[in-house]
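> Now for the letters of each chain:
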Amino acid sequence: MANMADTSGMTHDHADIDRHVRVYITVFVALMALTIITVAIARVHLPVPVAVSVAMLVAIIKGSLVACYFMHLISEKKLIYAVLGLTIAFFIALLALPVLTVHDGYGIHEPPGELHSAPATSPHQ
Amino acid sequence: MDIPYTVEVRRDTGLTNGKIGIWLFLASEVMLFGALFASYILIRTGSPSWPRGDTILNVPLATFNTIVLISSSVTMVMAWASLMRRRFGTYRLYMGATILLGFVFLVVKYFEYSAKFEHHLFPSTNNFLAIYFTLTGLHMLHVIGGMAVNAYFWGPGAKQYQTNPQWFINRVEHSGLFWHFVDLVWIFLFPTLYLL
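Just so you know, the protein sequences line up as chains Z and V, in that order.
Using the working numbering, the first residue of the first sequence is number 1, and each one after it goes up by one.
Using the working numbering, the first residue of the second sequence is number 1, and each one after it goes up by one.
There could be a bad hint or two in this list.
Listed next, the stretches of chain Z that the computed footprint assigns to chain V, with coverage defined by at least 3 CB atoms under 8 Å from CB atoms of chain V [as the list claims (entries may be wrong)]:
id : segment
1  : 14-21
2  : 34-40
3  : 43-54
4  : 70-81
Pair ranges (Cβ atoms, derived) [as the list claims (entries may be wrong)]:
id : chain 1 : residue 1 : chain 2 : residue 2 : range
5  : Z       : Val48     : V       : Gly96     : 38 to 46 Å
6  : Z       : Val99     : V       : Pro165    : 43 to 51 Å
7  : Z       : Leu86     : V       : Asn17     : 13 to 21 Å
8  : V       : Ala158    : Z       : Pro49     : 47 to 55 Å
9  : Z       : Leu97     : V       : Gly89     : 46 to 54 Å
10 : Z       : Val48     : V       : Ile67     : 23 to 31 Å
11 : V       : Asn126    : Z       : Ser53     : 20 to 28 Å
12 : Z       : Val48     : V       : Gly145    : 28 to 36 Å
13 : V       : Gly89     : Z       : Pro49     : 46 to 54 Å
14 : Z       : Val83     : V       : Leu36     : 20 to 28 Å
15 : Z       : Met32     : V       : Leu36     : 21 to 29 Å
16 : Z       : Pro49     : V       : Glu8      : 45 to 53 Å
17 : Z       : Tyr81     : V       : Ser124    : 37 to 45 Å
18 : Z       : Ala82     : V       : Glu112    : 38 to 46 Å
Facing chain Z, from chain V, some residues (calculated, C-beta under 10 Å) [claimed, not checked]:
id : residue
19 : Trp50
20 : Gly53
21 : Arg85
Hints are computed from structural coordinates only; laboratory data are not their basis.
The beta-carbon is built from N, C-alpha and C at its ideal position, and this holds for glycine as well.
Using the sequences plus the hints, can you model the full thing?
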């Protein structure tokens, strides 16, 4: 049976590839089912925080399936994991920045009138 | 001079240079879309009111497009698996199907955009539509880019299979990684924009 090497240097024989193909089809079915679940949950009209949490949880599961199996991250080299680990850390920091800005409440949740009702403090006084 | 480490792996990384290159590129893409998602969060949470996506956008069309893009990811990975089995004819069928599904995605998007413009809904109309057009527009550019690369490997680029099959298989795998990334981004865009 022919042995073949992919870019990570792993060898695959035909039986190995057949097993991969079966996994791809299973993942495809799972992704379709999760897409239907995503749309069905949206029709329930849950409160926004719950809806966001559930929708993101399903999206993370779907994304993980694509990344792990279609992008072969489940059996990748350490260097790729290191690159992705660093990327995820910066990605989370990037998403956290606006959340922190919102939680400080400065100038965002104040009604426009109240912004001007604060005691005037001039840097020249 | 030949490009080094296109087929054989580097001893220090255990990877080919192409594989490291595509993953570094995808890392930069994560940050690009991350910045736009962060903008979305900032604009949405800072807004006194925000419309539900399904009151403005066409959810059935977007659901159909989600199915199309997921299917194209499967055909893409099957194209790579066909090459690994040394079945070139089957590869071309799957790769052709991937390109066709990408085209279907774009046609659906065209109808979606046209409907918005007919109703005088433009990026300048409100914040929701501004972020919707920016995110989906950038994603659409990625679909077009991925289709161009895939079309090259389906057509003229496929000649390489005759001269250096393993390098060609590796290049198709790298192209596939980009295509799956495009699918992955849509998996998050769909609920964020259309359902919440």
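> Next step is simple, just say for each hint if it's right about the structure.
Outcome of the hint check:
1. Counting residues of the segment 14-21 of chain Z whose CB lies closer than 8 Å to any CB of chain V gives 4, which reaches the minimum of 3, so the coverage claim holds.
2. Counting residues of the segment 34-40 of chain Z whose C-beta lies closer than 8 Å to any C-beta of chain V gives 3; at least three are required, and the coverage claim holds.
3. By the rule of at least three residues with a Cβ nearer than 8 Å to a Cβ of chain V, the coverage given for the segment 43-54 of chain Z holds, with 3 such residues.
4. A stretch counts as covered by a chain when three or more of its residues have a beta carbon under 8 Å from one of that chain; for the segment 70-81 of chain Z and chain V the count is 6, and the coverage holds.
5. The beta-carbon spacing between Val48/Z and Gly96/V, approximately 43 Å, falls within the hinted interval of 38 to 46 Å.
6. The hint said 43 to 51 Å for the Cβ distance between Val99/Z and Pro165/V, and at roughly 49 Å that hint holds.
7. For the pair Leu86/Z and Asn17/V, the beta carbons lie near 19 Å from each other, so the given range of 13 to 21 Å is met.
8. Taking the beta carbon of each, Ala158/V and Pro49/Z are about 50 Å apart, inside 47 to 55 Å as hinted.
9. Between Leu97/Z and Gly89/V the beta carbon distance is about 50 Å. The supplied range of 46 to 54 Å therefore holds.
10. The hint said 23 to 31 Å for the Cβ distance between Val48/Z and Ile67/V, and at roughly 26 Å that hint holds.
11. Restraint check, Asn126/V to Ser53/Z: a C-beta distance of roughly 25 Å satisfies the suggested window 20 to 28 Å.
12. About 34 Å separates the C-beta atoms of Val48/Z and Gly145/V, a value consistent with the hinted range of 28 to 36 Å.
13. For Gly89/V paired with Pro49/Z, a C-beta distance near 52 Å keeps the hint of 46 to 54 Å intact.
14. Checked against the given bound of 20 to 28 Å, the beta carbons of Val83/Z and Leu36/V, roughly 21 Å apart, stay inside it.
15. For Met32/Z and Leu36/V, the hinted distance range of 21 to 29 Å is satisfied, since their beta carbons lie about 27 Å from each other.
16. Between Pro49/Z and Glu8/V the C-beta distance comes to about 52 Å, which sits within the given range of 45 to 53 Å.
17. Roughly 43 Å separates the CB atoms of Tyr81/Z and Ser124/V, a value that falls within the hinted 37 to 45 Å.
18. In this structure the hint that Ala82/Z and Glu112/V lie 38 to 46 Å apart at CB holds, the actual value being about 39 Å.
19. Because the smallest distance between the Cβ of Trp50/V and any Cβ of chain Z comes to about 9 Å, under 10 Å, the interface hint for this residue holds.
20. With a least beta-carbon distance of about 9 Å to chain Z, the hint placing Gly53/V at the interface is held under the 10 Å criterion.
21. A least Cβ separation of about 5 Å between Arg85/V and chain Z falls short of the 10 Å threshold, and the interface hint therefore holds.
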